[in-house]
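K.L.:
As a plain string of letters, each chain reads:
There are 2 protein chains.
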Amino acid sequence: MTKKQFEAKDFSKEALEEIITGILKKLGVPEKDSRITADVLISAELRNIPSHGLIRLPDYIGLLENGRINPSPAIKTIHETLSTAVIDGDGGLGTVVAVKSMETAIEKAKTAGTGWVAVRNSNHYGIAGYYSMMALKHDMTGISMTNANPLVAPTFSKDRLYGTNPISVAIPAGEQPPFVVDMATSAIARGKLYIKQINGEKVKYGYVQDKEGNPSNEPGILTEGGSILPLGSSYEYGSHRGYCMAATVDILSSIFSGAGFGPFVPPSVPFLDPLKEKDGEGIGHFFGALRIDAFQSKEEFKKRMDKWIETFKNAKPTKENERVLIPGDPEREAEEKNKNQPINISEKLSGKIKTICEKYNVDF
Amino acid sequence: MTKKQFEAKDFSKEALEEIITGILKKLGVPEKDSRITADVLISAELRNIPSHGLIRLPDYIGLLENGRINPSPAIKTIHETLSTAVIDGDGGLGTVVAVKSMETAIEKAKTAGTGWVAVRNSNHYGIAGYYSMMALKHDMTGISMTNANPLVAPTFSKDRLYGTNPISVAIPAGEQPPFVVDMATSAIARGKLYIKQINGEKVKYGYVQDKEGNPSNEPGILTEGGSILPLGSSYEYGSHRGYCMAATVDILSSIFSGAGFGPFVPPSVPFLDPLKEKDGEGIGHFFGALRIDAFQSKEEFKKRMDKWIETFKNAKPTKENERVLIPGDPEREAEEKNKNQPINISEKLSGKIKTICEKYNVDF
Numbered sequence: 010m011t012k013k014q015f016e017a018k019d020f021s022k023e024a025l026e027e028i029i030t031g032i033l034k035k036l037g038v039p040e041k042d043s044r045i046t047a048d049v050l051i052s053a054e055l056r057n058i059p060s061h062g063l064i065r066l067p068d069y070i071g072l073l074e075n076g077r078i079n080p081s082p083a084i085k086t087i088h089e090t091l092s093t094a095v096i097d098g099d100g101g102l103g104t105v106v107a108v109k110s111m112e113t114a115i116e117k118a119k120t121a122g123t124g125w126v127a128v129r130n131s132n133h134y135g136i137a138g139y140y141s142m143m144a145l146k147h148d149m150t151g152i153s154m155t156n157a158n159p160l161v162a163p164t165f166s167k168d169r170l171y172g173t174n175p176i177s178v179a180i181p182a183g184e185q186p187p188f189v190v191d192m193a194t195s196a197i198a199r200g201k202l203y204i205k206q207i208n209g210e211k212v213k214y215g216y217v218q219d220k221e222g223n224p225s226n227e228p229g230i231l232t233e234g235g236s237i238l239p240l241g242s243s244y245e246y247g248s249h250r251g252y253c254m255a256a257t258v259d260i261l262s263s264i265f266s267g268a269g270f271g272p273f274v275p276p277s278v279p280f281l282d283p284l285k286e287k288d289g290e291g292i293g294h295f296f297g298a299l300r301i302d303a304f305q306s307k308e309e310f311k312k313r314m315d316k317w318i319e320t321f322k323n324a325k326p327t328k329e330n331e332r333v334l335i336p337g338d339p340e341r342e343a344e345e346k347n348k349n350q351p352i353n354i355s356e357k358l359s360g361k362i363k364t365i366c367e368k369y370n371v372d373f
Numbered sequence: 010m011t012k013k014q015f016e017a018k019d020f021s022k023e024a025l026e027e028i029i030t031g032i033l034k035k036l037g038v039p040e041k042d043s044r045i046t047a048d049v050l051i052s053a054e055l056r057n058i059p060s061h062g063l064i065r066l067p068d069y070i071g072l073l074e075n076g077r078i079n080p081s082p083a084i085k086t087i088h089e090t091l092s093t094a095v096i097d098g099d100g101g102l103g104t105v106v107a108v109k110s111m112e113t114a115i116e117k118a119k120t121a122g123t124g125w126v127a128v129r130n131s132n133h134y135g136i137a138g139y140y141s142m143m144a145l146k147h148d149m150t151g152i153s154m155t156n157a158n159p160l161v162a163p164t165f166s167k168d169r170l171y172g173t174n175p176i177s178v179a180i181p182a183g184e185q186p187p188f189v190v191d192m193a194t195s196a197i198a199r200g201k202l203y204i205k206q207i208n209g210e211k212v213k214y215g216y217v218q219d220k221e222g223n224p225s226n227e228p229g230i231l232t233e234g235g236s237i238l239p240l241g242s243s244y245e246y247g248s249h250r251g252y253c254m255a256a257t258v259d260i261l262s263s264i265f266s267g268a269g270f271g272p273f274v275p276p277s278v279p280f281l282d283p284l285k286e287k288d289g290e291g292i293g294h295f296f297g298a299l300r301i302d303a304f305q306s307k308e309e310f311k312k313r314m315d316k317w318i319e320t321f322k323n324a325k326p327t328k329e330n331e332r333v334l335i336p337g338d339p340e341r342e343a344e345e346k347n348k349n350q351p352i353n354i355s356e357k358l359s360g361k362i363k364t365i366c367e368k369y370n371v372d373f
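Residue numbers (my numbering), protein chains in the order written: chain D, 10 to 373; chain B, 10 to 373.
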């Protein structure tokens with residue numbers, strides 16, 4: 010790309026890939042792993058999940074710079090059975106560890122019907138859906154989940170004990186596009202609060218509480234010891250169910266793998282110090298791959314998934330201008346619309362990345 | 010039990026078991042299967058989930074009487090791999106089909122590390138947690154889910170397209186009692202609405218909507234075409250996430266197994282006619298069993314689960330009279346309290362059961 014081709018904040022996909030891989034390589038990340046990381050971050054931008062896109066790059070770089078992410082990890086399977094594996098990510102980039110781990114789940118599924126991989130000693134892995142969707146081209150259902158920095162309080166508590174712990178499930182269809190869930194298990198995603206905060210806006214009650222557990226409408230309350238509420242917002246509306254889901258994700262990601270659980274998940278940002286008390290190794294993930302034909306013939310399965318999707322898509326909307334969404338539709342539609350457009354990065358973030366490029370002598 | 014031993018509405022566990030198995034045997038259900046069904050229903054009563062307890066017995070009996078449940082099914086594995094099986098329940102009692110299917114998942118896990126069983130041609134199976142907890146004594150994590158009669162509308166729709174589709178996950182611990190999630194994926198469970206309705210009470214807004222999709226506070230609105238909302242209540246508060254979870258449960262239970270999906274799940278009550286349009290066979294379930302030592306040593310796993318549970322249990326409560334609950338605590342505490350007490354059944358239900366006993370010449 011020539012510098013004149015786009016506005017200061019607009020980047021082509023290719024230009025961004027070169028910038029990201031250029032910087033990561035200078036920090037000792039192998040070419041292939043740099044490209045994986047670029048692909049995960051750009052994928053988040055294309056799918057309109059900017060909270061997990063380029064905004065994470067300066068954090069990854071900061072953690073690489075201060076030795077808290079290992080640029081060139083020896084990712085190892087440390088235990089396995091026919092359908093399971095436990096992988097130690099050796100402190101590598103979460104993106105790289107997660108791709109390797111999901112590949113392992115897919116390989117296990119080829120012989121055992123399903124494959125389940127618990128991962129420890131990893132780092133922030135970006136969008137959960139990137140990995141679950143890897144299963145689709147193998148005619149498999151993919152599952153991806155991770156624990157995350159503790160910002161959410163369980164029902165009836167004021168303590169930040171666990172993260173927004175996302176779950177993604179990607180299920181193949183036939184003529185219809187795949188069904189792709191990719192969701193936080195909290196009342197609101199961290200990224201959405203952050204955007205409200207920098208815009209100086211309030212939020213509705215039911216998303217966050219202050220450090221004493223009182224209702225709050227301040228998106229910035231997390232910086233003052235406040236916490237995000239579980240999906241459901243209050244016990245009355247089922248927040249114990251949101252807490253149950255998040256707790257399950259945390260346990261699968263940590264106790265199954267040997268990673269840190271809940272409050273022992275290490276910070277994914279360089280401006281927070283490493284934890285003083287350690288329990289388990291790094292951030293944990295959990296992946297699954299289920300071969301379609303371990304259950305049904307591929308033809309029958311895909312035909313019925315198409316019918317499922319059509320049935321739900323054609324449900325009567327509550328209001329005329331609404332429609333029932335199939336999980337994955339909004340992100341896929343965004344990706345189709347965005348893939349040939351320049352990617353817009355905020356001036357502030359673009360400035361940060363420019364500074365990093367200058368430091369490492371990478372073309373911006 | 011002698012008839013004088015308890016009030017009309019109070020039954021000993023043993024008396025209830027004899028009543029249930031007595032009736033079921035007269036309807037052609039084998040002794041062993043009758044005892045399984047009694048145990049599942051009584052377990053729901055002991056665990057304070059009466060919406061899935063004895064109240065279901067007249068429904069099961071009605072469906073057996075009119076041939077919509079097969080009393081003596083030939084339950085068959087129709088497809089399998091090392092870690093998976095698809096089971097056809099031959100239209101049997103959901104309780105019986107589910108126990109057999111969970112046993113199959115546990116057997117698969119013994120050799121493959123994990124076992125995953127999709128089930129079709131089954132019926133209402135009672136509390137999801139009964140089956141997930143079967144894994145605990147084998148030092149395994151158990152997973153249980155089912156689809157259910159369509160009463161819930163997806164986000165942005167007024168159509169009842171799927172059920173309260175529960176998920177249960179039971180994870181073993183060491184000194185601590187196990188972690189047991191057992192939850193509907195809707196804003197409220199059907200049974201809770203029913204109790205409000207018979208008491209003539211209103212509910213808060215955010216649980217149900219009328220047939221046009223307008224907010225409603227009438228717990229009886231379901232009988233007028235209204236629907237339950239997904240967990241999260243509104244799009245604003247993440248009901249699309251509740252919908253995503255429920256949709257995943259529906260697909261795993263139906264498309265993976267060959268059972269009916271969403272609106273094609275057959276009614277679990279005899280007063281509703283069988284569906285006119287059929288797609289797939291009966292109600293579907295999905296079970297999983299994960300051997301602890303397919304991931305970690307049993308000692309290490311249990312030690313860390315204990316620490317997880319202690320950490321969450323000791324979180325600071327928001328209010329002095331509250332405490333952070335570990336999933337499964339309320340039901341287990343109820344069971345411990347109730348197990349040596351008579352079981353209290355409402356006069357109305359007790360009357361219904363008495364009538365059935367008279368019809369089949371079973372001691373009441």
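Treat each hint with caution, since some may be false.
No distinction is drawn between identical chains; accordingly, a pair holds when it is met within one copy or between any pair of copies.
Claimed, not checked - As a list, the in silico EDC-like pairs of lysine to aspartate or glutamate whose alpha-carbon atoms are at most 20 Å apart:
no. : residue 1 : residue 2
1   : K85       : E342
2   : K307      : E290
3   : K119      : E89
4   : K348      : D338
5   : K311      : E221
6   : K146      : E227
7   : K205      : E26
8   : K328      : D219
9   : K307      : E40
10  : K211      : E40
11  : K311      : E290
Calculated directly from the structure, the hints in this document are not laboratory data.
K.L.:
Hints numbered earlier in the text: which of these fail when held up against the supplied structure?
P.N.:
1, 5, 6, 7, 9, 10
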